[in-house]
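Working from the sequences, and respecting the hints, build out all of it.
Protein chains: 2
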Amino acid sequence: MVAPVLQKAVREVLKSLSPGSTMVAADLGCSSGPNTLLVISEVMSTIGAYVQETADDSRAMEVQFFLNDLPGNDFNLVFRSLEPQLRSSLFAAEEEKAVPAPCYITGLPGSMYTRIFPCQSVHLFDSSHCLIWRSKVPEDELVSGGRMVLTFAGRKRGEMPMHGGVARVWELLSEALRHLVQEGRIEKKKLRSFNMPYYAPSLDEVTQLIKHNDLFDLEDIKLFESIWDAHDDSDGDVVIDCSSSAESIAKIIRAGIEPLIVNHFGKDILDELFMVYVSILAKDLEKGKAMCPVIVVMLKKSKH
Amino acid sequence: MVAPVLQKAVREVLKSLSPGSTMVAADLGCSSGPNTLLVISEVMSTIGAYVQETADDSRAMEVQFFLNDLPGNDFNLVFRSLEPQLRSSLFAAEEEKAVPAPCYITGLPGSMYTRIFPCQSVHLFDSSHCLIWRSKVPEDELVSGGRMVLTFAGRKRGEMPMHGGVARVWELLSEALRHLVQEGRIEKKKLRSFNMPYYAPSLDEVTQLIKHNDLFDLEDIKLFESIWDAHDDSDGDVVIDCSSSAESIAKIIRAGIEPLIVNHFGKDILDELFMVYVSILAKDLEKGKAMCPVIVVMLKKSKH
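First to last, the sequence lines map onto chains B and S.
Residue numbers 836 to 1139, in the working numbering, belong to the letters of the first sequence in order.
Residue numbers 836 to 1139, in the working numbering, belong to the letters of the second sequence in order.
Heads up, some of the hints might be wrong.
Copies of the same chain are indistinguishable here, so a pair counts whether it falls within one copy or spans any two.
To be verified - Below are the SDA-like pairs computed for lysine to any residue, each with C-alpha atoms no more than 25 Å apart in a straight line:
id : residue 1 : residue 2
1  : Lys850    : Gln1017
2  : Lys1135   : Ser856
3  : Lys1118   : Leu917
4  : Lys1023   : Met1110
5  : Lys1102   : Arg915
6  : Lys1138   : Met896
7  : Lys991    : Gly883
8  : Lys1138   : Thr857
9  : Lys850    : Gln955
10 : Lys1124   : Asp1055
11 : Lys1138   : Pro854
12 : Lys1046   : Arg846
13 : Lys850    : Ser956
14 : Lys991    : Asp1070
15 : Lys991    : Phe1059
16 : Lys1135   : Val1041
17 : Lys1122   : Ile1062
These aren't lab readings, by the way, just hints derived from the structure by calculation.
Laid out in structure tokens, this is it:
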């Protein structure tokens, strides 16, 4: 559901570039797992298709791609997966019809809370489920007319802020925390002072914010339902293996908020908390699959 | 001895930039040791001094710095040393008189045998003792008028190719290899087919090559004598602790050629070879310190 929006953004950028120029793209919060290179792969195959359609060789261009994450990210792992023999499999599809453009991949360590690029140096930003941690959009770094594709959890029209697919998994986590309070493993007042800096906006809220902000034109916005457990590709609403599904959802949640938990409650309770969480989640999944409404927006930096 | 040449190159680049632009610099073969960030530090303090001298605030600029090495390099280590608290100590000198320009540091994995930058995107290349592995100068990647500072081992005027400071350490390594042949650890014909792809040119040879090549103007060239054992800062020509000096030189040599040795002789003989090498080297150091003639050149990409 995100891919068509990203493809559209790449095409818009390509149209705006003068022949022979370099397209600069960046993935904010790239992490170091099997999905890290998906965005590059998507961008490159879109360029391939575009070049073929337009049959315009004079547009021979190059792509400089920045993979950004915190300095503690395992960039070594990412870079090793770029070694020639592996790289060719990444670009296998393009290899067949000749690589559409040379792609130079770099690693950019740094917090998105700070400036990480020179002024007006990037044509395309992509950020998937990471923007919740960013307080400031990277508008200075984007060229005028450049595109941003942002993907984040949202809530469906008519749902209250603390209801719906995202709220459900957080509600169950707070249940697990309350359980640890009852067991005397967490102090009651510790729990009371814990605040999850998380808000799942609706399409309308996002649309209004962007219009109000005036820095970007909203070119596309979509909400779709994504299943929390990405390993579950069964049809229907029934979860076939609740405990394995619970384990896989708990991993996603833990990857996202472990630092917050450790910072507030200490790391001693981590394993216990997530064990309790998995069992509460597994029981809840008997009611049906856990879905998360996801919003994807495509923004264009206004020319003023 | 390299620093003044690098400073001069940075100044030339700064002069050529239009106000408010971004300077793109790259260190080819940055490795991941304590020296990795020295080049960035030198570039940034030169910019600081330049900005102060010219007192030209309209030149407010940014620096994008690419650290390049093979994908197997420990970039995680490098990136962690860039975390805010450490970074500020790196730029301590500039911190006092305010940082001269925002510096965005990225990691660029890739072999220098391939293209690693978009066309005409770099203003300054620096490469210290790594260019011996490169078959092709990165002329395409350099902007017209851009600068390259290259540092590599050379030989003094009047010395024969296989004599002098560089040849001495290789000659002793070949002695160690011959010792292993005598011990039956290496086959005689294996040694005979081993070829060290290493050549220490003289100033005249380098100068002629550059003039003949016609892609670059030679703006500066110097030869100086550097001591192989960088830990030895004693005066005079006598080595005070021959075995510790031999150990430290052997480490440098091993870091440089271990892959070649492993590739040709297998890795089983590695430790033994370097143990023998250290003892031969220690004995040889009784004659006096091992010095290496080093050449540093500053090139400007011709405008045609």
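Broken hints, by number: Those not satisfied are hints 1, 3, 7, 10.
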